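Chains X and F, in that order, are what the protein sequence lines are.
Following the numbering used here, the numbering of the first sequence begins with 1308 at its first residue and continues without gaps.
Following the numbering used here, the numbering of the second sequence begins with 26 at its first residue and continues without gaps.
Keep in mind the hints are simulated off the structure, nothing from the lab.
Only a predicted model underlies this, so the values are computations on that prediction, with no experimental measurement involved.
The beta carbon of each residue, even a glycine, is placed where N, CA and C say it ideally should be.
It cannot be assumed that every hint is accurate.
With the Cβ distance kept under 7 angstroms, some of the chain X side facing chain F (calculated, not the full set) [to be verified]: (1) P1401; (2) S1475; (3) L1476; (4) V1514.
Here's the letter readout for the chains.
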Amino acid sequence: MTMVASFDWHFIWEHIPDFWTGLKATLKVAAIGIGGSLAIGIVLGAARAHRIPVLSWVAAIYVEVIRNTPILVQIFFIAGGLTQIPGHPIRLEPFTIAWLSVMIWGGAYNTENFRAGFEAVPWRYREAGLALGFSRLATFVNVTLPIGARIALPSSINTYVSVLKNTSLLTAIGFAELTDTAYSLESQSFKPTEVYFALGATYLLVVWTLSALVRLVERRLAIPETR
Amino acid sequence: MPEWADPVAHYMLHEGLTATLRIAAYAVIGSTLIGVLLGTLLTIRFRPLQALIRLYVEVWRGLPILVTIFIVYFALPTTPVIHHRFGAITGASIGLILWGSAQVAEATRGAVQSIPSEQHEAAAALGFGWIGRHRSVILPQALRRLLPPLVSLLANIIQNTTIASLIGVTELLATGQRSIERLQLTPPGDSHAFAIYAALLVAFFCISFPLTRLAIYLERRLV
């Protein structure tokens, strides 16, 4: 009872504009990260599934390195390590570091999702495409991609949600997204309960809405006979 | 090896890696115990209980781990319900357990439901009650199927322990960052950020890669 009584609703109401600013930055970075990881996933996933020399091996190393190292260390490596390469420092804008790091992470997971999806397309479908005189690229675009991408959809959706959640780690490099906004708000107001419960509620609202939306899309795009 | 690297490696491995493995151990054990229990209970057809466990799973799976750790470490101790300050290692471990147990609960539900209903019926016919049936017949079989996801969870948890550095735990990542700062402050003041972050990536890869391979191997053998 005391908790409800001492919970300062007015404080949250007052700071909704701050949360909204942070949320917009989170959504912007997540949108670029998700779009980029979709593109990486299709290209490198296709390279892996079709065993294209060199590109396929490079993709395999990329996937293993990213999936077996913590994303927080990857973020610091891009933000702090690359700027200190002896001789050739690479300096990036905070916003670039933000979308680049979540995109590289999501791209690696999505490469695996799409590789599995493309490999699940029955060989006879591709054979039929080639027999009809389609080039290998045209067969991929018209046959393997539409079917394989739908098989990969459920697992790639999980990756997109994770990309969104991972943007919270950008707090570590002081990028002003949702979590960082809440963190600074708390250090000014000393109201951790209000700030962090509001933060959690905002993430759940976004993550649950995103999941519900993509499940809707998933149902519409599902391959008819497997429905 | 350059001269500066030796004490840095010693500090990171002794202080940092120890804390990383400690948190990972707490988190894996806690997640497995709570997750298996909740996942098994989730298979009981009793709506209110199912809804409650579902809520638990969806909340802790939906929140970013960093936010969960912030809630546990900064917000919970100020509420009258808990009103108890705990250390950063405890806070990080609880946060990871909430996330990990939600993952395990989901995996356990799948594993338990994948055991054919004949097994349930046969056990019931032999006179086992619900608890005996699960303890002696269903769970021993389900746990075999659960082994590969548990090994991947261990790899994921070890990677996610780095988030504990953001609430001040001196685990592997934090010891690396302190070393970078210290080297910059002491003459000749060179920055070794690139080398140290690269070494951190290599170190985590060496721990995680064998585990993910093991998970794939177990998956092929057991299923």
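Hint by hint, here is what the structure shows:
no., hint, verdict
1, P1401, "16 angstroms, violated"
2, S1475, "4 angstroms, holds"
3, L1476, "6 angstroms, holds"
4, V1514, "4 angstroms, holds"
Checked against the numbered hints given earlier, the structure breaks only hint 1 and satisfies all the rest.
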